[in-house]
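Asks: Please arrange chain B on chain A, whose structure you already have, making use of the hints.
2 protein chains.
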Amino acid sequence: MAIANSPQSKEIVTAALLVIGDEILSGRTKDKNVRYIAEYLTTLGIDLMEVRIVGDEESAIVDALNALRKRYSYVFTTGGIGPTHDDITADCVAKAFGVPIDVHPRALAIMQERLAATGAEMNEARLRMTRIPKGADLVLNKVSGAPGMWIENVIVMAGVPSIMQAMLDEVAPKLKTAVRMLTETIRADAREGDIGTELGEIASAHPGVAIGSYPFFDPQLGPNTNVVLRGRDAEKLALARRAVEEMLQRVRAALSGKA
Amino acid sequence: MAIANSPQSKEIVTAALLVIGDEILSGRTKDKNVRYIAEYLTTLGIDLMEVRIVGDEESAIVDALNALRKRYSYVFTTGGIGPTHDDITADCVAKAFGVPIDVHPRALAIMQERLAATGAEMNEARLRMTRIPKGADLVLNKVSGAPGMWIENVIVMAGVPSIMQAMLDEVAPKLKTAVRMLTETIRADAREGDIGTELGEIASAHPGVAIGSYPFFDPQLGPNTNVVLRGRDAEKLALARRAVEEMLQRVRAALSGKA
Chain A
21 MAIANSPQSK EIVTAALLVI GDEILSGRTK DKNVRYIAEY LTTLGIDLME
71 VRIVGDEESA IVDALNALRK RYSYVFTTGG IGPTHDDITA DCVAKAFGVP
121 IDVHPRALAI MQERLAATGA EMNEARLRMT RIPKGADLVL NKVSGAPGMW
171 IENVIVMAGV PSIMQAMLDE VAPKLKTAVR MLTETIRADA REGDIGTELG
221 EIASAHPGVA IGSYPFFDPQ LGPNTNVVLR GRDAEKLALA RRAVEEMLQR
271 VRAALSGKA
Chain B
21 MAIANSPQSK EIVTAALLVI GDEILSGRTK DKNVRYIAEY LTTLGIDLME
71 VRIVGDEESA IVDALNALRK RYSYVFTTGG IGPTHDDITA DCVAKAFGVP
121 IDVHPRALAI MQERLAATGA EMNEARLRMT RIPKGADLVL NKVSGAPGMW
171 IENVIVMAGV PSIMQAMLDE VAPKLKTAVR MLTETIRADA REGDIGTELG
221 EIASAHPGVA IGSYPFFDPQ LGPNTNVVLR GRDAEKLALA RRAVEEMLQR
271 VRAALSGKA
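Read top to bottom, the protein sequences are chains A and B. Last residue of the first sequence? That's 279 in our numbering, and every number before it is there in order. Last residue of the second sequence? That's 279 in our numbering, and every number before it is there in order.
It should be emphasised that the hints constitute simulated quantities derived from the structure, not laboratory data. Keep in mind that the hints are not guaranteed to be accurate.
A pair counts as met if it fits within one copy or between any two copies, since identical chains are not told apart.
[Said to hold, decoys possible] Pairs of lysine-lysine residues, derived as DSS-like cross-links and limited to a Cα-Cα distance of at most 30 Å, are as follows:
#1 Lys-256 - Lys-50
#2 Lys-52 - Lys-256
#3 Lys-154 - Lys-90
#4 Lys-50 - Lys-115
#5 Lys-154 - Lys-50
#6 Lys-52 - Lys-115
#7 Lys-196 - Lys-90
#8 Lys-256 - Lys-154
#9 Lys-256 - Lys-162
#10 Lys-50 - Lys-162
All values reported here derive from a predicted model rather than from experimental measurement.
Isolated chain A (complex conformation):
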C-alpha cells in the first residue's frame, strides 16, 4: 500500500462504502470487498462509518450516493461498471451529480489499445465502459482496461476484487488521511456477562477510547471474551488498557474464589 504522499489531516476523515449488485443481495455472490476495504481504510487512518449494499436499480443507487456523499469525507463504490445492461453505476453517478456522461477520450484510447492487444472487437457494449461523467478523473488500473472514476468525493471502483484492489492502490496516495486509529485486543478469560458492568464503567471513564466487547467460544475453556480498545491517543489508550487489565484480574479472582 503506497501511502507515502498522503496529505495527513488533523481532522477525522470518514468514509462510506456503497456496494452495488443484485448478486450480493440474492446471496448468489459472496461479497469479498467489504472487509478488504474496511481494513485498508482503517490502516490509512480513514474511519469507515457506514456500508450500504443496494441492487442494480437506478433510484436505489442515486439515493444512496446522494445521502452518503453529503455525510462523509469519501464515498467508495464497488460494482456496476462493466459492459452489460445491468452495469449502470456510471450513469447513476452522473445523475446523482447532475452532470452529463459521455465517452471519455482517454478511456476510449485505453480500451482501444487493450482490444488491439487481445484481438477482441469494439462494440456498443464495450463502448459503454468508456462513458465517464463530466468532471470525473479516471482511476487507472493495470488489471483491466476499463478505468474507475473519481468525482468530487466519490470514488467508483470495479466489483471484481482484483480490479477493485488495484484501483484502491491507485487512489490511496491521493486520499486525505488522519492519524491512524490504534487498537489493542485483550483476551478476558471471562464471560461477557461477568465483566459487562465494570467494562461499561471503564468505558464511561475513558471517553477518548472506544471499548468493544466480543464474545467467542474457546473449545477448551468455553465462553470467553475479547475486549478491544481503539483510540488515536497512545497515552489514553495505555491508561484504558491498564484499567481493563486491573478489572479483569479482580473479576477473575472473585470468580475463582467462588468456583
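Replies: Leaving out everything else, chain B in the frame of chain A:
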C-alpha cells in the same frame, strides 16, 4: 428451514438487513451473516433489497431503523444485543419506535433459569439483556439464553452466527412470504464485452425477467461470463432462457468464424 406454515402473499415481500457493530466497519471481524440471510430470504421468497452496516452509535442505528422500516416489509437486524455497554440495539429500537424499554418478565425468567444451570450470577450487565422495548415479542432460541425481539416489522437478532441462525429459524414460519424467485444460470463461454449489446436487447424484450451478467476467469479458457436469469414466472423465464441461448450460439459462431 421450517416454512410449512408461512402465509404466502401474492404481493412481493421485501426486506432490509441492518448489521450493527464497530467491529465489522473496522475490518476486525468478518461479517458472516449477510450472505446467510440473503440466501435464506431468497429461499423463502422474500426479496432482500438493501443491507446497511453501521457502528455502535445511537443516532446511526435509530436513523437507519427508521429509514428502512418505512420502506420495506421487514427489517432484520444483527448485533448489539449482548450484556456490555457497547450493545445498544434494544435501546435504539425503543427509541426508533418511541416506546419505553424495561425488563421483560419472560426474558428475565429465561435468563434466571439459564444462570441456575450454568452457575453464573445475575448482575447489572446480564440484566441488560432482559430489557425489551414495550410491545415487542420475544424471539426465543435454544443456543443462548438471551432472546431476540420482534416489534412491528422489525426483527432484532444476535450477531453471533449460530444464535442468529437459530433466531431466523424461529421467526421464519411466521413471516409473510411471496412466490419464490426462480433462477437460471447460463455459462456463456464468451466475454462479457462480446455479448453485452445483445444481452441488453434481450433484457429489454423480457421485462418480467431480471438478467444479470457476471464475469469470471476460467483458468483454462480465460475470461468468461455467467448469465443469471431471475423471475417469478416459469414460462417467461423459459422464453428468456431460450433467447439468451440462441444469442450465445450466434455470438460464439461469429467469434469462432473470425478466430
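Asks: Work down the list of hints and note, for each, if the structure agrees.
Replies: Each hint tested on the structure:
{"no.": "1", "hint": "Lys-256 - Lys-50", "in the structure": "between (38 Å within a copy, 27 Å between copies)"}
{"no.": "2", "hint": "Lys-52 - Lys-256", "in the structure": "neither (34 Å within a copy, 32 Å between copies)"}
{"no.": "3", "hint": "Lys-154 - Lys-90", "in the structure": "within (19 Å within a copy, 35 Å between copies)"}
{"no.": "4", "hint": "Lys-50 - Lys-115", "in the structure": "within (28 Å within a copy, 33 Å between copies)"}
{"no.": "5", "hint": "Lys-154 - Lys-50", "in the structure": "neither (33 Å within a copy, 37 Å between copies)"}
{"no.": "6", "hint": "Lys-52 - Lys-115", "in the structure": "within (27 Å within a copy, 33 Å between copies)"}
{"no.": "7", "hint": "Lys-196 - Lys-90", "in the structure": "within (17 Å within a copy, 36 Å between copies)"}
{"no.": "8", "hint": "Lys-256 - Lys-154", "in the structure": "neither (46 Å within a copy, 39 Å between copies)"}
{"no.": "9", "hint": "Lys-256 - Lys-162", "in the structure": "neither (43 Å within a copy, 41 Å between copies)"}
{"no.": "10", "hint": "Lys-50 - Lys-162", "in the structure": "both (24 Å within a copy, 28 Å between copies)"}
The structure fails to meet hints 2, 5, 8 and 9 from the earlier list, while all remaining hints are met.
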